[in-house]
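Novice: Read off the chains here:
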Amino acid sequence: MKRTQHITLGLLAGMALAFTSGCRSQRRDCVDESGRITGDQNCQMVEQRRNSGYTGSLPYYHYLYGGSSGGHIGDTVVNGNPGPGGGWGGESSSGVGRGGFGGTGSGGHGGSGGE
Amino acid sequence: MQRHATTPRADWKQKVEKVGLVFHTLDGDSGAYWDESAYYEFTSAEVDRLEAATEKLQEMCLAAGQFIIDHNRWSDLKIPVEAIAAIKKTWNDEPPALYGRFDLAYDGKQIKLLEYNADTPTALLEAAVVQWYWLQDCFPKADQWNSIHEKLIAKWKDLKDYVSEPVSFGYVETVEDEFTIGYLRDTAEQAGIKTQALKMLDIGYDVKTFTFVDLENKPIKTMFKLYPWEWMLKEKFGARALDFMDKVQWIEPIWKMMFSNKGLLAILWEMYPRHELLLPAYFDGPREMRDYVRKPLLGREGANVQVFRNGEKEQSYGPYGEEGFVYQALAPIPCCDGNYPVLGSWMIADQGAAGMGIRESETIITNNRSHFVPHLFR
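So the protein sequences, as listed, match chains A and B. Number 18 in numbering that gives the first Met the number 0 belongs to position 19 of the first sequence; there are no gaps in the numbering. Number 4 in numbering that gives the first Met the number 0 belongs to position 5 of the second sequence; there are no gaps in the numbering.
Keep in mind that a hint or two might mislead.
[As the list claims (entries may be wrong)] Within a straight-line C-alpha distance of at most 20 angstroms, the following computed SDA-like cross-link-like pairs (lysine to any residue) qualify:
no. : chain 1 : residue 1 : chain 2 : residue 2
1   : B       : K235      : A       : Y53
2   : B       : K12       : A       : A17
3   : B       : K12       : A       : S20
4   : B       : K233      : A       : Q43
5   : B       : K14       : A       : A17
6   : B       : K235      : A       : G55
7   : B       : K246      : B       : Q195
8   : A       : K1        : B       : D349
9   : A       : K1        : B       : A51
10  : B       : K14       : A       : H5
11  : B       : K77       : B       : F282
12  : B       : K217      : A       : G94
13  : B       : K235      : A       : R48
14  : B       : K12       : A       : A12
15  : A       : K1        : B       : F282
16  : B       : K77       : B       : C60
17  : A       : K1        : B       : E54
18  : B       : K14       : A       : G21
19  : B       : K87       : B       : A348
20  : A       : K1        : B       : A9
21  : A       : K1        : B       : D136
22  : B       : K233      : A       : R49
23  : B       : K156      : A       : H5
24  : B       : K235      : A       : G96
25  : A       : K1        : B       : C137
26  : B       : K12       : A       : T19
27  : B       : K12       : A       : G21
28  : B       : K17       : A       : C22
No lab work stands behind these hints: they were computed from the structure. As the structure is a prediction and not an experimental result, all values here were calculated from the model.
Looking at chain B on its own, in the form it has when it is part of the complex (with noise of 0.2 angstroms):
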């Protein structure tokens, strides 16, 4: 993996907002999101490797799953007693689900897993849409490790047997979700769905029938979703949803409660005890650590974690952590020209691994002022 300097496209700016990333520049001094001043460069055998990698924790999270609900770990999550029975039958009956990524740390020799985001997973269309234009515009002969699109339309077409019309795809008013939002919903339509938006805030529930409603009240049989289940079940109409899960198809399901919980990584070494692709991770402590990572159990977007490292303690801030953390090695993420990259692996379901998106911060710390920077592979 090498970091290269170029030059921008002159119409770069132009060029993204045409293909749907309209936020492409940081609020304040913190310039681009979309940083096209760089790229990294990968051998064919690096990317099979990454592809591999995806696949195995894909593989190892499955069997996490089975585990925590066979072994009760429910506190060790901090998923709330109500949810539990919910979360075991959607996780039997096998309702639609269409995606993760995987935060990767990777040096150049080892993949090292940082975390699962398996509920709400976004930087989706600059890994999907964005760059693979970019490769087209500036090397069109290199090859990207990149077809989440075309796995996304695969899983839609899979899918539209098994969901009802129009599918609702739910949203925080913000343009970062709006837009991948209409991306996602492009995806589905491509696949033959009819799709609508529909603000979360705009979700009616219709207390004579016990349903769920979108703005002309009618009933809303699926629903995606780009909202994380532990805010949903801690607001106003959470209890609803537990109450009347059988009545609408919620994607993601709820069992990825599981997966897009910290916790998982302790689950994970627990039961994989140094494997290759993980870190020492703990509920309890740092135990033997000494350069670490403590993580917020339901933390986003880098915020309330602290790394200790050489006796040194950086952290970030935020609103998450009353919940509890993980402790984690500290991973190898190697510094490129001042900056630290994260590796963030899609996997759609049932389609396995279908590509990365790179995001670069200024410190260890990866969180929502970092910049997402293209990649190829010759």
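Bound conformation, chain A alone (with noise of 0.2 angstroms):
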């Protein structure tokens, strides 16, 4: 016998629940300034210039979590937060600075870290 014994699935089997009843963790949209969505090659972009140095004026697209839209681009998001925790600011003044990792697999090569 080869196989695996038994297998029981706890923390999986919960998030597989929730996505297929339509409860998957936060949402987050890519919006322009006036908070309409728009794709999110956009924000992919404007990430992607950021990390690479460029230090001009870049389109103001930006991201926000949560909220409630009609999910379609050119809807509004009201309510969202520009952080997944309720917010962050980017280079904020604690010192932090997020998103120079990751902007490879949601930008240049569109998709899935694995293989």
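Make one complex out of these two single chains by using the hints.
Specialist: Okay, here's the thing in structure tokens:
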């Protein structure tokens, strides 16, 4: 016998249940300066240029976490947060910067970090 | 090895979703990613051979790692100079490592190494869990080469005293990666380790303390990442990861850059010429080969591969290749009912060869449109 005798799933089963019942973890939308949903590629472009050291002015696209909207391009996100935990400020006064990893997978190659 | 057509379970989508495979269907009109309309059957003797081959390949790769270091083969692999010290140090210190997946060609006679995905292998949940449940439902009296789940838990138990909790699990925000990470966290938690998920984009760097931090600005001390080192090193925090390598246990460790590089295939052929598990492979061109494959050193998911066969060329497209290529003889992949199967043989660190998952494609190039097909043996 070469197979696992018994498989029990805990955390994963909960994730699957949440996913299939529509209760996924917090949603994230890329929005413009008016809070209207645009394509993810706009935020990815901004992040990529920042990550590459570009310091000039960039279009004002950013992510909003949570909130409510119709979920379509052009819809306005109401009560979204700039950070997943209720808001971070990028290079904040606390001295913590984010977004320094993950840009390639999110943008340049369009997806999974696995293969 | 035989491919059999069979009837999928009537409620297969609900069944695979229940155990985490919510990404069971490909985008567009490409059909099911999880494909139980067929399965592969092996004999016990075949599985014994595949298991022994996997163990042997791991032994050879470990020797190749030492060879790369001893002979300074960094430029052949296009490994950046600034990463070399960290690779050497982690190779010698042996920080925690978890797993890898050998992709093998098998035609019923020869077993040949296609490549080693040692840094960020996926198709794990499918191999470890989903096909196990399929077997319980459809062929409960048959066996399956698959102890991946229990070996992952056993490995995390071994690591429990060496990691810092919570162990962060970094991922890119795709459903596949989110659920692969979810599965790995599940195995770690079943071993008694506290975990947290963290998007790679959400990793913070504290410029006052020179530490990587989580969303609560707490230091990250152990970080499993489903994100390749070659990408990390090109990004804004890459240099910081190298500068402060001793502050974070990265799983997989950075020495895996030597294995998750197609240049390893040419190194292995140089060390073990004409070994029965290897295909001829070279850095400098196809040499005497007429039928061969040109693979980018750092290519992923079958992108930018060129196949030269009988004087004709097939190719796939993508963003890779500027780093250079390796030229490998065309493998003896059989065509089974119009499908080309590639065997993904899992190795769990210190636990040994652990099981197999099979992806099949309608072309000889396995890519991210391939289908996962379950297996059994009798």
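Novice: If a hint holds in the structure, say so; if it does not, say that too.
Specialist: Each hint tested on the structure:
1. Straight-line distance between C-alpha atoms of K235 of chain B and Y53 of chain A comes to about 11 angstroms, which keeps the hinted pair within the 20 angstroms bound.
2. Simply put, K12 of chain B and A17 of chain A have alpha-carbon atoms about 16 angstroms apart, close enough for the 20 angstroms limit, and the pair holds.
3. Pair hint K12 of chain B plus S20 of chain A holds up; C-alpha atoms about 14 angstroms apart against a cutoff of 20 angstroms.
4. For the suggested pair K233 of chain B and Q43 of chain A, the alpha carbons sit about 16 angstroms apart, so the restraint of at most 20 angstroms is met.
5. With a C-alpha separation of about 15 angstroms, the suggested pairing of K14 of chain B with A17 of chain A holds against the 20 angstroms cut-off.
6. A hinted pair counts as satisfied when its Cα atoms are at most 20 angstroms apart, and K235 of chain B with G55 of chain A qualifies at roughly 17 angstroms.
7. Between K246 of chain B and Q195 of chain B the CA atoms are separated by roughly 18 angstroms; this keeps the pair inside 20 angstroms, and the hint holds.
8. For the proposed pair K1 of chain A and D349 of chain B, the alpha carbon gap of about 17 angstroms is at most 20 angstroms, so the pair holds.
9. Distance check on the hinted pair: K1 of chain A and A51 of chain B sit about 13 angstroms apart at the alpha-carbon level, within 20 angstroms; holds.
10. For the hint pairing K14 of chain B with H5 of chain A, the CA-to-CA distance comes to about 17 angstroms; that is within 20 angstroms, so the pair holds.
11. For the hint pairing K77 of chain B with F282 of chain B, the CA-to-CA distance comes to about 11 angstroms; that is within 20 angstroms, so the pair holds.
12. Restraint check: the Cα-Cα separation between K217 of chain B and G94 of chain A comes to about 13 angstroms, which is no more than 20 angstroms; the hinted pair holds.
13. Restraint check: the Cα-Cα separation between K235 of chain B and R48 of chain A comes to about 11 angstroms, which is no more than 20 angstroms; the hinted pair holds.
14. Distance check on the hinted pair: K12 of chain B and A12 of chain A sit about 15 angstroms apart at the alpha-carbon level, within 20 angstroms; holds.
15. For the given pair, K1 of chain A sits about 38 angstroms from F282 of chain B by alpha-carbon distance, which is inconsistent with the 20 angstroms threshold.
16. A C-alpha spacing of about 18 angstroms is found between K77 of chain B and C60 of chain B, which places the hinted pair at or below 20 angstroms, so the restraint holds.
17. With a C-alpha separation of about 15 angstroms, the suggested pair K1 of chain A and E54 of chain B falls inside the 20 angstroms cut-off, and the hint holds.
18. Proposed proximity of K14 of chain B and G21 of chain A is supported: the alpha carbons are some 17 angstroms apart, at most 20 angstroms.
19. At most 20 angstroms may separate the alpha-carbon atoms for a hinted pair to count; K87 of chain B and A348 of chain B meet this at roughly 19 angstroms.
20. Proximity of K1 of chain A to A9 of chain B is assessed by CA-CA distance (about 28 angstroms); at most 20 angstroms being required, the pair is judged violated.
21. Straight-line distance between C-alpha atoms of K1 of chain A and D136 of chain B comes to about 17 angstroms, which keeps the hinted pair within the 20 angstroms bound.
22. Simply put, K233 of chain B and R49 of chain A have alpha-carbon atoms about 13 angstroms apart, close enough for the 20 angstroms limit, and the pair holds.
23. The hinted pair formed by K156 of chain B and H5 of chain A meets the criterion: a straight-line CA distance of about 17 angstroms does not exceed 20 angstroms.
24. Distance restraint check for K235 of chain B and G96 of chain A: the Cα-Cα separation of roughly 10 angstroms lies within the 20 angstroms cut-off, and the hinted pair is therefore satisfied.
25. Restraint check for K1 of chain A and C137 of chain B: satisfied, since their Cα atoms lie roughly 17 angstroms apart, inside the 20 angstroms limit.
26. This hinted pair checks out: K12 of chain B and T19 of chain A have alpha carbons roughly 11 angstroms apart, not beyond 20 angstroms.
27. A hinted pair counts as satisfied when its Cα atoms are at most 20 angstroms apart, and K12 of chain B with G21 of chain A qualifies at roughly 16 angstroms.
28. For the proposed pair K17 of chain B and C22 of chain A, the alpha carbon gap of about 14 angstroms is at most 20 angstroms, so the pair holds.
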